[in-house]
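Protein chains: 2
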Amino acid sequence: MAEPVFLAIDWGTTNRRIYAIDAHGTLVASERDDRGVTSVAPGDFPAEVAAIRARFGDLPVLIAGMAGSVRGWVELPYLACPANLTALANALHWVEPRTAIVPGLSFVEDGYGDVMRGEEVQLLGSVAAGLAPPDALICQPGTHCKWARMVGGSVAAFHTAMTGELFALLRRHSLLADFLTAEVVEGPAFHAGIAASADATLLTALFGARASVLLDLRPREDAASYVSGLLIGSDVSEQALVPGQPVHLLADPALGPLYAAAIGAYGGRPVAIDSQAGFIAGITALWRMIDAR
Amino acid sequence: MAEPVFLAIDWGTTNRRIYAIDAHGTLVASERDDRGVTSVAPGDFPAEVAAIRARFGDLPVLIAGMAGSVRGWVELPYLACPANLTALANALHWVEPRTAIVPGLSFVEDGYGDVMRGEEVQLLGSVAAGLAPPDALICQPGTHCKWARMVGGSVAAFHTAMTGELFALLRRHSLLADFLTAEVVEGPAFHAGIAASADATLLTALFGARASVLLDLRPREDAASYVSGLLIGSDVSEQALVPGQPVHLLADPALGPLYAAAIGAYGGRPVAIDSQAGFIAGITALWRMIDAR
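Line by line, the protein sequences give chains A and B.
Position in the first sequence (first residue = 1) + 30 = this note's numbering.
Position in the second sequence (first residue = 1) + 30 = this note's numbering.
There are no misleading hints in this set.
Heads up, incomplete: computed chain A residues facing chain B, CB under 7 Å, no partners named:
1. V145
2. T190
3. M192
4. T193
5. L245
No wet-lab data here; the hints were simulated from the structure.
Since the model is a prediction, treat every value here as computed from it, not as a measurement.
Glycine included, C-beta positions come from ideal geometry on N, C-alpha and C.
Based on the provided sequences and hints, a complete structural model is requested.
Here it is in structure tokens:
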């Protein structure tokens, strides 16, 4: 097995993924844990990285994600779109001689602002690895679903939808909470939710999801799938897809089929791509740029 | 001062209003407290009403609202729309010889269901008192905003939007919470939120409210008003108002001006009506019908 030449950390809010990568950009070892930035005390980041080096090798470390946020190691300014891998490499912030943090991206248009931290590596890496073409619409579902327009291999524009967070809020804290305990499945109730999203009456349809159960119009165990379809359908409808438009999907196995169904219902053509492969390709491209200097 | 002839209770989830009303339908005394149905143990409702009679007079009692829900005194079936005051009087449920609960209403159309408990008395009373015409669109803002179509003095149809609850969820539990601490005012930020609601991209605009503060595009203290404008604007836009359409508003002094502004922005003509007068007129009409029997 090849020796790793650098380590990459995708440091999220609640979770963290560590990758040891060889000179060919091949994954040698990886680990996932729950040491996200909110569980690391300010000032403890150097010790965390030293511990990672002790386990995976005394190598250069590239960090993407929330380590560059106000809750992280050091708050980095966002790099403005359009941005490509070269711009990202030039904006790396060295917190130690052999440890750098990748900045997030910002997008501003007509007074509307948006931000991301971490997703940019997956996006640019997916194009670099040929998983998505240089001009593409890429969707990254999650707590905050990102929709990025790639132009000539750069992130030209992006929008974030609060879809996943809103579903979690409704499930945990709302009047609907008792109705949303079932697992979400891509079945008839989910598709009924997508269909309802086309009416653009989200605030009304959410209340109706509960009322329809009270009135025996819909089984209680269908409500979670219906509401998920309503939210994911609304999210996709906000993107105003052109018929037949390919949408490259960087999604986990749970959300991928749900977004693919909604994208299809709105006339788009979902194309699944492997998000870990995208991240590794992107972070390796960044490492090669700095290693060559 | 005239003597009261009956007592009315508007028994909500968290609050309760008690009214002593004379033979002319004039308010003699009233009281508001926080003994909503969720703070009354099952089985304690008779004692609560006995205590109210001890304070206000040994009179017939008519109860509207959540006392007829699964968390209340007894769960009553919903009365189906269209429904007028006569239908409501015929469907009163007597829990004691001189104590009746008004049932709530349900509305079903094309597989969509909706329910209300308590608002029906204000709606029908507003028309009975001449505060709104027999054919009208009436809006009752709140945690769950009701939009009722009155036809010939009956509640013909209604829809409920989760507007107020969603704002409270975002303010208390979401990633936006830290950004929404300021008071909502009907100023430029609120109107910017209404304008953004016209793009029908609510899920995206919600995330943008936070990102725009992070990117210094909008002052942090404006975010609450902007998000309120976005939600109330979305709520009004879902009603598809016809230009110049009067909308009768049964609102408290906090929400009234906000909804009036959004209704105006969407081409409607807001007409404020007094919600307490509507309730008293409705409950008095019901009392007269049963008293005449």
